[in-house]
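Colleague: Sequence:
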Amino acid sequence: MMDSLLVFGYGNLSRGDDALGPLLVEYIEQNIQLEGVEVMTDFQLQIEHALDLDSRQLVLFIDASIACESAYALSQLSPAKDKSYTTHAMSPAAVLSVYQNIMHKEPPPCFLLSVQAFEFELGADLSERSAENLKLAIGFINKLFNKPELLAWQALSAG
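All you need for this note's numbering is the position in the sequence shown, starting with 1, plus 1216.
Calculated from the structure, these hints are not laboratory results.
By construction, the Cβ of each residue, glycine as well, lies at the ideal position given by its N, Cα and C atoms.
Don't take every hint at face value.
The calculated label-pair distances, taken between Cβ atoms and stated as ranges, are [claimed, not checked]:
#1 E1348 x M1319: 35 to 43 Å
#2 E1322 x E1348: 33 to 41 Å
#3 Q1370 x S1271: 34 to 42 Å
#4 L1338 x E1365: 33 to 41 Å
#5 F1334 x D1258: 21 to 29 Å
#6 E1344 x E1251: 35 to 43 Å
#7 I1263 x A1283: 29 to 37 Å
#8 K1321 x E1348: 12 to 20 Å
#9 I1318 x A1340: 33 to 41 Å
#10 N1247 x K1297: 29 to 37 Å
#11 S1271 x G1355: 25 to 33 Å
#12 I1354 x I1282: 26 to 34 Å
Please work from the sequences and hints to get the whole structure.
Modeller: What follows is the structure, given as structure tokens:
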């Protein structure tokens, strides 16, 4: 039986703030003790990851973002084709679109937790500002996993 909640953090641990997604997944793996939760990490999202969404009740993607205007932001996702539509560095919305196309059904409810990031140089450590955002995002993750249900997450994503 597949776990009902998938947490997928993506990013590169060797590229400074890009490590935020995998670091948050590591935190969840070590500190959140819930049955039915599967965690995954990868450098980037790829077309094959659409298959990981099947039979899930809820999915949380976690990524570093230079576009995030606050320390972190939670948003509910809808399927959407990437404008570039390559299989390199897909968005979570594009993964949902692939799922919809290959499975011929709606994807499970999916959310993206974006964490504000600043520096992505190869070999760099986590920046000081992103380390602070990581701490704030951990507090938010504790809230999310206090009630890992669609309506609760929708309320948190609304502000």
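Colleague: Against each hint, give a clear statement of whether it holds in the structure.
Modeller: Right, here's what the structure says about each hint:
At about 40 Å, the beta-carbon gap between E1348 and M1319 stays in the expected band of 35 to 43 Å. At about 37 Å, the CB distance of E1322 to E1348 agrees with the hint of 33 to 41 Å. Taken as a hint, the range 34 to 42 Å is violated for the pair Q1370 and S1271, whose Cβ atoms sit roughly 21 Å apart. Checked against the given bound of 33 to 41 Å, the beta carbons of L1338 and E1365, roughly 39 Å apart, stay inside it.
Distance hint check for F1334 and D1258: the Cβ-Cβ separation is about 22 Å, which falls inside the suggested range of 21 to 29 Å. Between E1344 and E1251 the Cβ separation comes to about 36 Å, which falls inside the hinted range of 35 to 43 Å. Range check, I1263 to A1283: Cβ separation about 23 Å, and the 29 to 37 Å hint is violated. Checking the proposed 12 to 20 Å range against K1321 and E1348 shows it is violated: the Cβ atoms sit about 41 Å from each other.
Our hint of 33 to 41 Å for I1318 and A1340 holds, since their Cβ atoms are close to 37 Å apart. Separated by about 36 Å at the C-beta atoms, N1247 and K1297 satisfy the suggested range of 29 to 37 Å. The hinted window of 25 to 33 Å between S1271 and G1355 holds, with their beta carbons roughly 30 Å apart. Our hint of 26 to 34 Å for I1354 and I1282 is violated, since their Cβ atoms are close to 20 Å apart.
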